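Undergrad: Kindly produce the complete structure, drawing on both the sequences and the hints.
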Amino acid sequence: MSHTPIWRRYLRFVRPDVRADVDDELEFHLAMMVDAHTAQGVDRDEARRRALAEFGDITRARQLCEAIDRRQQRRSDWGEMLESVVRDARFAVRALRRSPGFTATIILTLALGIGASTAIFTIVRGVLLRPFPYADPDRLVRVYERRPRGDDRNVVSAGNYVSWVERARSFAVLGAHMAPYGISLTGDGDPIQVTTTDMTPSTMRALGARPAVGRTLVDEDWTGDGRVVVLSHALWQRRYGADPGVLGRRIVLDHEPYTVVGVMPAEFEFPAPGVDLWRPVTIDAMPANERRSHNWLVVGRLARGASVASASAEMRAIAGALEREFPQFMSGWGTAVVSLREDVVGGVRRLLVILLAGATLLLVVACANIANLLLTRAHARRREMALRGALGAGVGRLVRQLLTESVLVAVFGGLLGTGAAWLMTRGLLALAPSDIPRLGAVRTDVAVLVYALATTVLSGLAFGLAPVARLLAVRRERAPQLHTILRASDDRAGHGRQRSTRAAFLVAQLAVSLVLLTSAGLLLRSAHRLAAVDYGYRPEGLVAMSLDLPRTVYDSIRKQAELYDRILGRARTLPGVTGVAATTEGLGQSGAMTFSFAIEGRPSTNPSGREDPQPLRAVTPDYFQVLGMPVKRGRAFDARDRADAPSVLIINEALARLLWPSSDPVGKRISFEGRSGPWLEIVGVVGDTRANAAYEPAAPAVFIPYAQKRWNWLSWLTVVARTDGSRGADATVAALRAAVWEQDKQLPIHALSSVPDLYRQGNARRRFATVLTGAFAAAALLLGMIGTYGLLSYTVAQRRREFGIRLALGARAAQVTRVVVGEALGIAVVAIALGTVAALGLTRLLGSLLYEVSPADPLTLGAVTVLIVAVAWAAAWVPARRATRIDPAITIRDA
Amino acid sequence: MPPSPVDVLQGTLDMLVLKALTWGPMHGYSILGWLRQTTDGELRIEDAALYPALHRMEARRLIDAEWGLSENNRKAKFYRLTTRGRRELRAESESWSRYVAVIGKVMTAAEQPG
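Top to bottom, those sequences are chains H and F.
Heads up: the first sequence begins at 1 in the working numbering, then just goes up one per residue.
Heads up: the second sequence begins at 1 in the working numbering, then just goes up one per residue.
The hints are simulated quantities; they were obtained by calculation from the structure and are not laboratory data.
Since this is a predicted model, take the numbers as computed values, not measurements.
Check each hint, because a few of them may be wrong.
Unchecked claim - Example chain H residues on the side facing chain F (calculated, C-beta under 10 Å, incomplete): (1) D17; (2) D21; (3) F28; (4) M32; (5) M33; (6) A61; (7) Q63; (8) L64; (9) A67; (10) V155; (11) V878.
What the hints assert, rightly or not - Derived pair list, reagent style DMTMM-like, types lysine to aspartate or glutamate, alpha-carbon separation capped at 20 Å: (12) F:K75 <-> H:D21; (13) F:K75 <-> H:E681; (14) F:K75 <-> H:D35; (15) F:K75 <-> H:D744.
Every residue gets a Cβ at the ideal spot worked out from N, C-alpha and C, and that includes glycine.
TA: This is the structure in structure tokens:
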């Protein structure tokens, strides 16, 4: 009756085989019935037939029994597993609580590693990985113009944008917008400065933007009066208390009335965080043949079937056609299509990836350290393990116990680390340079928690397997001699292998620490070099304030000049101020207005007949003196250079080198208009200055006297005051603000800060990287020190007898010390060799974060090497001293 | 001709099996034998119905099972009362007695409804 295959029967030894059991039980019953019949003289076949008939529905009985048993078996399997997990966990908690210091060290080490790497990942997730808050964001691209030489992300001329819209088939929508800039918001409480982005309504369509309240901009907005505005969520909250009734409200921007038609959701930050409102503009109303001035940013949504590559190809063809049609403007110009994501975050990817790599290396160091700590303990517990083994605990049981302890430690470390990550993320956001995009999108979300969980599990496995491997190795080698472990007080067997495993972990730990230290060292050296950069003027003690005049009120150059004269005059009288000057472009910002020009008597190599555009500043006469810029040739501006005097200009050395490499530019004449003048005479050459990006080469610059400025739209101004340091920068800033508002209470003040602060902002990314890498390196070094100390203490404990005998035989303490310290230094040397090779390969990734420091900088590598040796030596010193104090008599007797 | 046997009432089979097992561990065949003998064959219990009942009670931990050798040296599954089963039997038989008494009172009532 039983059809049970052989293997199933064996399986029964492990766990009950439900089907076979039921079959056997019923078969026994039938057999008994058959016996009863045969006892009455019925023959066997007949007896069996009768028994089956009397029994009833045997198939159904069998099915019911099997179903009941199966359900029962499943339930008890689960129960048993749960029970044993709980038992293991309880046991593990007891074991861990027996050595609280050890457990705390491991958990804190792990929390540090997981916390740091999760915190950095939180930033990476928010900035690089989170989808943009636009419809189908991967279809969005930026389209730029490419300058004949250099910059391949140049802003676009209105004429070209119109041509692109007409010709390009790769885009479902193209939109154009201006870079954000400041305007005044008045007539509605205190006047405040807000940031606007003026855009063609098609920009909103390209983005697929959806409003939180009301509507976004639509194409019809311009056919009305164009005086509508969409507010940012932040401005709506701040200024209007999140009142939905704000729709239809009239607000005044730069003295012009606008109607609020909508509010965008909080995550809509286009084109950058901090934009307060969006206004419609149209480009059709402008002269479409305007191709000289480039000032539009273009965003596009790829048409169905188009890709960045296919769009690039089409735009190349269009650029070629435009070049032929408008050679005077377009010759040499090209286009560039990049995905919006790449455009926004491409610049910070390297920084963030480097930081993530740094945090991951720290986690690796932490895991290596924990693995070593666990190995130490595994050794200390070998007797416990041997005893439990001898009492019948199987290998699986012991492995499970060790793993449970590791998992438990990992879970606690992971929980603590996730909490720490949350705090560290807050800290990072406070510390992060404000020019990192999308920091507003950073939050602890499911992806971050998954990352924390994954790192916890991987770390737990990484350090948890070490003691398990050790246990298995020991059992394999010496299973028959378990009793010897119980008896011997000092176990020598397996010691060498154990020590070499631990030394390998320590080498890895120190080598990775060396990579981190080298990176931090290189960044520090860069910071040092940057601090020593000659900016071409003296930033210390300078305070800068940027103003923009509403052109509706200050509509003429004369009105602008009068106001500035009054402000500058008042500023000169402020206490602690030794000089005041003004310039049309700020100091700490790149992207000044550029102008192209013709040189008298020299045809340009450019087909346009004009030289490449260069940044131009209109400055007051004492500008160079107040900033401390040396005049290298000719003269500075002075009182002679009035509005009605002959037009003059001053250039810097960079431009002189570019255009007059072998002759004196002073006395040469140029024109901003055309080949027939009017001409401006170069009267002087000043030294180069560097913009906020101090690591970039000095840019060419052109200066004209403010009094001779002839463009009334160039209405913004930065006032620069030199202070003698008798009053703090903040006091001077406040006094300057008051001086401006004395003249006009409605004037918006853009930026106001001390100039060294501006430089600090300019170098913020590098400083961010330096501070974090430094912190990672310091933590890794501390762990390396703990690890070295731990290994050497272990070595000394292991070799007590040997040292005791040596001392007894007359070895001097110094000789014993040398043995111990020698072991530490041996490990350090191997780690330095491996770490240096790795560092030489990896620090190249720092790339542009380094400034005038080679990734293979010998000074940095040398200093780091010395540091590692010093740390190894210091960490070995305490155990070494302990070794010399071994009392030979006691040691040898105990053995 | 003897009266035809009565069917075992729904739910009482468990109680009878528990009662049978108070005599000691038994396999299914002997449980059935004891019940038939005790009731003089007046109670109809299907062999096929016994086993699912046994397995259900085992799952409820009213009884324990163990493989052993029968009197004629066959491998058989023996059931034994657990503490829980003993408690269950006590409760069941008590409520059964009360039930029988109450029903009996009604069925043997001498007074007319008034």
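Undergrad: Was the hint right that M32 (chain H) lines chain F, CB cutoff 10 Å?
TA: holds, 4 Å
Undergrad: Are the Cα atoms of K75 (chain F) and D744 (chain H) separated by 20 Å or less?
TA: Violated. K75 (chain F) to D744 (chain H) sits at ~109 Å, over the 20 Å cutoff.
Undergrad: Per the CB criterion, is V155 (chain H) less than 10 Å away from chain F?
TA: Check failed: Cβ of V155 (chain H) comes no nearer than 78 Å to chain F, outside 10 Å.
Undergrad: Let's test the interface hint: is any C-beta of chain F closer than 10 Å to that of D17 (chain H)?
TA: violated, 12 Å
Undergrad: At a threshold of 10 Å, is the proposed contact between F28 (chain H) and chain F supported by beta-carbon distances?
TA: With Cβ-Cβ at 5 Å, under 10 Å, it holds.
Undergrad: Would you check whether L64 (chain H) satisfies its interface hint, that is, whether its CB is within less than 10 Å of any CB in chain F?
TA: holds, 4 Å
Undergrad: For the pair we were handed, K75 (chain F) and D21 (chain H), check the Cα-Cα distance against 20 Å.
TA: holds, 11 Å
Undergrad: Is the hint on Q63 (chain H) kept, meaning its closest Cβ partner in chain F is under 10 Å away?
TA: holds, 9 Å
Undergrad: For the hint on V878 (chain H), does the least C-beta distance to chain F fall short of 10 Å?
TA: violated, 61 Å
Undergrad: Checking hints one by one. Is A61 (chain H) an interface residue toward chain F, by the C-beta closer than 10 Å rule?
TA: holds, 4 Å
Undergrad: Using 10 Å as the Cβ threshold, decide whether D21 (chain H) counts as touching chain F.
TA: The hint holds - D21 (chain H) has a Cβ within 10 Å of chain F, the shortest such distance being about 7 Å.
Undergrad: Should the hint that A67 (chain H) touches chain F count as held when the rule is a Cβ pair under 10 Å?
TA: holds, 9 Å
In this structure, the hints that do not hold are numbers 1, 10, 11, 13 and 15, in rising order.
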